[in-house]
Amino acid sequence: MILAQSSSSRIASDAVLMTGAIVMVFPFVWMILASLTPQSEIFNGDLLPTPTLHGAIDNYGTALSAIPLLRFMANGIVVCVAILVLQIAIAIPCGYALAKLSFPGRPILLVAVLLGLLVPVQIPTIPIYIALAKSGLLDSYAALVLPWIVSVFAIFLFRQFFVTFPDEVLDAARLDGFSELSIAWRIMLPAAWPAVASFSIFSIVAHWNDLYWPMVVITNPDMMTPSLGIAYFRQAGEGTGNVGALMAGGVLVTAPLVALFLLMQKHFIRGLVLGRH
Amino acid sequence: MAALDLHIDDIGKRYGAIDVLRGICLNVAAGEFVTLLGPSGCGKSTLLRIIAGLERADQGHVRAGGRELDAVAPKDRDLAFVFQSYALYPHLSVYDNIAAPLVMRELSSLERLPVIGGLLPGAVLRKRSIRERVGQTSALLKLDALLERRPSALSGGQRQRVALGRAMVRKPKIFLMDEPLANLDAALRIHTRGEIARLHKEMQTTTIFVTHDQAEAAALSDRVAVIFGGELRQVAAPADLYREPVDLDVARFLAQPFLNEVAVAAPMGGALMIGGSRIIIRDALGSGQAGTLAFRPEHATLVDKDQPGALAVCVTRIEHAGMDAHVFVNAEVGAEFVARISAERARPLRDGDNLGLNIDPENAWFFPSSGSRRPGDHSGAA
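As given, the protein sequences belong to chains A and B, one line each in that order. Here the first sequence is numbered in this note's numbering, starting from 102 and rising by one per residue. Here the second sequence is numbered in this note's numbering, starting from 324 and rising by one per residue.
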């Protein structure tokens with residue numbers, strides 16, 4: 102009886118999860134199928150478009166030739182890597198100091214970090230825009246990267262991770278001749294690897310997909326990141342209606358993220374679970 | 324290897340309203356093995372951390388080899404620390420754990436880089452020297468087969484040896500050990516105790532060893548410093564500490580495992596009265612205060628109940644412990660005593676037997692209620 106009950110409730114919860122998964126995945130399936138279907142046949146009334154080989158060649162050919170998609174993606178890689186490296190370079194020592202060093206003002210700084218988590222980017226947009234404009238940095242990688250290099254989320258995540266690290270190991274390191282910075286890099290960073298991995302996914306996905314910030318600071322198509330590039334391509338619309346090519350662009354832009362996630366899935370989930378102390 | 328002497332001068336430490344350490348003075352000679360012994364929470368680990376520089380004292384000074392250490396960073400104090408939890412670097416192999424103190428001190432940050440470091444001519448020589456010294460240390464501690472493993476793949480005893488290796492490899496002038504045996508099981512603890520004694524004999528490094536285990540302290544130390552409630556009560560060689568505890572706390576702490584105590588009135592004419600019996604003991608009895616008479620089970624003998632001068636007692640319980648037996652008796656004066664006698668002599672005894680109990684006057688102590696047996700005995704001069 103108990104067994105039957107638990108298996109029927111299991112079926113119910115599985116059904117809910119499956120429905121959720123289908124709702125989430127459906128747009129992606131549609132995007133992939135549409136990217137493979139000739140322009141004229143996408144909206145023929147069926148729920149899912151029917152792919153054909155020449156439709157695929159057409160759409161991907163247009164996506165790669167009509168817009169500088171590879172250039173956008175190269176920009177995206179440069180920007181995302183630069184942001185991530187600088188974020189980690191700053192957040193690891195900050196998180197270590199907030200977790201393990203005692204200095205006057207530490208509680209206030211921690212509160213400031215938590216408050217920082219609550220401020221959406223739209224609020225400081227105008228001051229940052231003005232600052233970048235006055236320093237002549239608009240339409241540059243710097244404009245895309247610099248506003249993001251201090252991540253309060255990363256500082257907080259790493260701080261939570263470091264708090265539980267045994268103090269005796271740090272004492273041992275100090276006696277062995279480690280400086281505080283080398284403790285942060287050589288001991289805390291390897292220990293925080295799962296947190297770093299899950300933060301990396303967050304950061305890369307957020308900045309790869311970001312449309313808002315590049316739209317604020319970039320007008321030159323050469324500097325555009327993938328999301329902005331595709332939006333620009335749609336508007337500048339040699340094909341306002343070329344949905345197939347748009348979807349092909351979308352597939353190409355999304356693929357690296359999916360690959361990255363699959364590669365780091367294990368660390369990502371471990372980091373999320375561990376970081377939740 | 325040159326060892327350093329260590330002078331601890333009037334160290335005091337407060338946490339909020341609590342005095343953790345009060346006026347601790349202790350001199351340790353070069354090459355000496357001194358144990359800080361006391362119950363948990365007595366401040367002995369704090370004192371060790373102050374010596375290491377991991378914690379700052381509120382008053383007093385630490386000197387090693389004539390050099391004032393108070394303003395010296397922990398890593399520049401030329402001492403090594405073995406932690407109770409071993410505190411190994413979890414992501415480094417055994418080899419890298421042992422090599423860490425050498426790598427951090429002897430290679431520049433550029434030379435520590437994996438590929439570029441190998442191209443710098445000085446670094447190659449220094450790295451070879453580091454490898455040799457790590458090899459010597461791992462051979463000494465029988466860790467050669469484990470060098471590639473991570474700490475998580477080691478047993479407690481192996482981790483302990485790695486922690487010792489990391490401390491030894493730099494050949495520090497002073498060793499500080501904070502309950503390094505506490506997390507080992509009983510058999511391994513005795514074995515490792517022997518290892519530590521052997522290493523100390525070989526290297527003759529000044530060692531301060533913290534423990535709450537009197538047997539460990541007695542087995543290892545040249546001298547034992549007993550700490551109670553943040554105060555240094557007595558510093559003496561293990562045998563002297565056993566024979567001449569300075570106050571009742573020390574005597575109780577060193578009792579293994581029992582101590583007989585009986586409250587007595589102030590001595591009169593060099594003798595104490597317990598019930599109707601007069602006992603003359605060797606202790607100077609001029610204090611005129613009431614106090615406690617204490618003696619160990621092995622210094623009580625059981626005799627016929629009619630023997631003159633013996634306390635009348637009645638057997639309540641007998642515990643056998645191998646060669647010896649502990650005989651628990653109730654005295655008519657209203658105290659319970661334990662006598663330790665050979666198992667052979669305990670054999671005919673039964674619960675309820677009426678006997679006499681004699682106290683060895685040479686090995687009984689009178690602690691006046693004011694505290695110390697001999698005032699002014701707290702000095703730690705080597």
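Hint data in this document are derived by calculation from the structure and do not stem from the laboratory. Here the structure is a predicted model, which is why all the values come from computation and not from measurement. Yeah, the Cβ is synthetic: ideal placement off N, Cα and C, and Gly gets one too. Careful: at least some of the hints might be erroneous.
[Unchecked claim] Computed, partial: chain A to chain B, Cβ under 10 Å:
1. 157
2. 159
3. 277
[Stated by the list, open to error] Footprint (simulated), chain A over chain B, 3 or more residues, beta carbon under 8 Å:
4. 358-371
5. 405-419
[Unchecked claim] Below, computed lysine to aspartate or glutamate pairings styled on DMTMM-like, alpha-carbon distance capped at 25 Å:
6. B:628 to B:685
7. B:398 to A:268
8. B:496 to A:272
9. B:494 to A:159
10. A:201 to B:393
11. B:496 to B:399
12. B:494 to B:554
13. B:496 to B:401
14. A:201 to B:502
15. B:496 to B:621
16. B:494 to A:142
17. B:450 to A:281
18. B:398 to A:147
19. B:628 to B:572
20. A:201 to B:685
21. A:201 to B:667
22. B:398 to A:281
Can you give the numbers of the hints that this structure goes against, from lowest to highest? 1, 2, 4, 9, 12, 15, 16, 18, 19, 20 and 21
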